[in-house]
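**Student:** Based on these hints, arrange chain S on the given structure of chain A.
Chains A and S supply the protein sequences, listed in that same order. Position 20 of the first sequence, counted from 1, bears residue number 20 in full-length UniProt numbering, the numbering being contiguous throughout. Position 42 of the second sequence, counted from 1, bears residue number 42 in full-length UniProt numbering, the numbering being contiguous throughout.
The hints are simulated quantities; they were obtained by calculation from the structure and are not laboratory data. Everything numeric in this text was worked out from a predicted model, so none of it was measured. Beta carbons are placed, not taken as given, at the ideal position from N, Cα and C, and that holds for glycine. Some clues are possibly wrong.
Said to hold, decoys possible - Taking lysine to any residue and the SDA-like style, the derived pairs with C-alpha atoms no more than 20 Å apart in a straight line are: (1) A:54 to A:34; (2) A:54 to S:30; (3) S:54 to S:33; (4) A:180 to S:33; (5) S:180 to A:131; (6) A:180 to S:123; (7) A:54 to A:119; (8) S:180 to A:124; (9) S:180 to A:138; (10) A:180 to S:133; (11) S:180 to A:119; (12) S:180 to A:54; (13) A:54 to S:125; (14) S:180 to A:164; (15) A:54 to A:13; (16) A:180 to S:54; (17) A:180 to S:160; (18) A:180 to S:132; (19) S:180 to A:155; (20) S:180 to A:13; (21) A:180 to S:125.
Said to hold, decoys possible - So the derived label-pair ranges between C-beta atoms look like this: (22) A:44 to S:41: 55 to 63 Å; (23) A:67 to S:118: 24 to 32 Å; (24) S:132 to A:44: 20 to 28 Å; (25) A:29 to S:132: 40 to 48 Å; (26) S:25 to A:101: 26 to 34 Å; (27) S:17 to A:45: 46 to 54 Å; (28) S:79 to A:151: 34 to 42 Å; (29) A:48 to S:56: 38 to 46 Å; (30) A:9 to S:177: 26 to 34 Å; (31) S:179 to A:26: 42 to 50 Å; (32) A:177 to S:89: 38 to 46 Å; (33) A:10 to S:17: 45 to 53 Å; (34) S:143 to A:192: 43 to 51 Å.
There are 2 protein chains.
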Amino acid sequence: MEPPKRSRTATRARLLAGALEVFAERGFAGASVEDICDQAGFTRGAFYSNFGSKDELVLALFQATTDRLLEQIEALLPDLATQPGTLLDAVLGLLDEAIGDQRQWHLISTEFTLHALRNPEAARALNEQRAMFRASLTRLVEEISAASDVTFSVPPELFVRLIIALHEGARSQSLLEPTKVPAGSLEHAFLPIVLDAVSQPSH
Amino acid sequence: MEPPKRSRTATRARLLAGALEVFAERGFAGASVEDICDQAGFTRGAFYSNFGSKDELVLALFQATTDRLLEQIEALLPDLATQPGTLLDAVLGLLDEAIGDQRQWHLISTEFTLHALRNPEAARALNEQRAMFRASLTRLVEEISAASDVTFSVPPELFVRLIIALHEGARSQSLLEPTKVPAGSLEHAFLPIVLDAVSQPSH
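So that you can see chain A by itself, here it is in the shape it has in the complex:
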């Protein structure tokens, strides 16, 4: 049974990659399942045996992206425990690395968020996905603060929400004005200030 499974994984991966291209260029609303199949070189049958809908495919894209990001952050944990000061730089660096094409990712993730604001079912699914990502990131922040004997004067979950809000807002400015606001520059300028202000030695 191995070959069919490998092939199914490969089909999903090619559909996800094709969808990312198509969505980025035509927008979430403007891209049809046919467009995605054409781009990836599959039939509609192949699409629907992998995803129930366009929404489900986007959520799978989000999941794949956040899984990759969390995996890379976790790989850094052993180093971070001995060098806690580098936490933010490492996380911010990964945000850029794990997401290859920031413009493409911004277009599709922002567009799906707008879709969710008009569609309660999509909002529910997106919120669930985002909550899982925040929970993983919060656990990492807690592990690192424990390893470095630091406590926060704000709930770690709120600090994670700040990182996400600032990153998403800053990315919009960076994409509109790449030379004036290099990717990550607002995060690098302000997150260390906040982290320092809310950190206290545990003992």
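**Tutor:** For chain S alone, coordinates are given in the frame of chain A:
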């Protein structure tokens, strides 16, 4: 010549209000000039004698919204000079007040930003409009810091970019999860921390 001018202003205002409704419900790409005219009760002729294109109308909406916001902030200036500590609360309060329907405004402004990321001419016009808004806000921050004898360890323009990035990113979370992230809560939790950390007495 007064009545025609008043009437022209009223026509523009009704077209702007109609467009806000139509864009919020159908999206920027999905809304046609006809839809906007139907909503506002005007002909296409009336539309094109006021706006060269849909893009131009959205930029006029941005201008009207930011003008209203800056006007309200400026009205507060005399009080702020004597009570500098209330600056952020006042500005954050106005962001909510000046923009009546946050959801509607988020949908249209985010959608036009995505449009600009695919269209260099729209990007140029949007960047110009955003630069003017940032310049006005930066001047206000500088006036207030001078009046309260405080200097910043970061350029005021960068602090303004932070406020905008955090506000835009936080608004997305607030609209997706209104009860978990009340409007303005991330800004209120973190901007005073940053302001305090970057402020130094002038003498």
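**Student:** Are the hints correct? Go through all of them and say.
**Tutor:** Hints, one by one, checked against the model:
no., hint, in the structure
1, A:54 to A:34, "holds (11 Å)"
2, A:54 to S:30, "holds (18 Å)"
3, S:54 to S:33, "holds (7 Å)"
4, A:180 to S:33, "violated (34 Å)"
5, S:180 to A:131, "holds (11 Å)"
6, A:180 to S:123, "holds (14 Å)"
7, A:54 to A:119, "holds (13 Å)"
8, S:180 to A:124, "holds (14 Å)"
9, S:180 to A:138, "holds (16 Å)"
10, A:180 to S:133, "holds (16 Å)"
11, S:180 to A:119, "holds (19 Å)"
12, S:180 to A:54, "violated (27 Å)"
13, A:54 to S:125, "violated (33 Å)"
14, S:180 to A:164, "holds (15 Å)"
15, A:54 to A:13, "holds (15 Å)"
16, A:180 to S:54, "violated (27 Å)"
17, A:180 to S:160, "holds (14 Å)"
18, A:180 to S:132, "holds (15 Å)"
19, S:180 to A:155, "holds (14 Å)"
20, S:180 to A:13, "violated (34 Å)"
21, A:180 to S:125, "holds (16 Å)"
22, A:44 to S:41: 55 to 63 Å, "violated (43 Å)"
23, A:67 to S:118: 24 to 32 Å, "holds (28 Å)"
24, S:132 to A:44: 20 to 28 Å, "violated (48 Å)"
25, A:29 to S:132: 40 to 48 Å, "violated (30 Å)"
26, S:25 to A:101: 26 to 34 Å, "holds (31 Å)"
27, S:17 to A:45: 46 to 54 Å, "holds (47 Å)"
28, S:79 to A:151: 34 to 42 Å, "holds (38 Å)"
29, A:48 to S:56: 38 to 46 Å, "holds (42 Å)"
30, A:9 to S:177: 26 to 34 Å, "holds (33 Å)"
31, S:179 to A:26: 42 to 50 Å, "violated (34 Å)"
32, A:177 to S:89: 38 to 46 Å, "violated (29 Å)"
33, A:10 to S:17: 45 to 53 Å, "holds (51 Å)"
34, S:143 to A:192: 43 to 51 Å, "violated (28 Å)"
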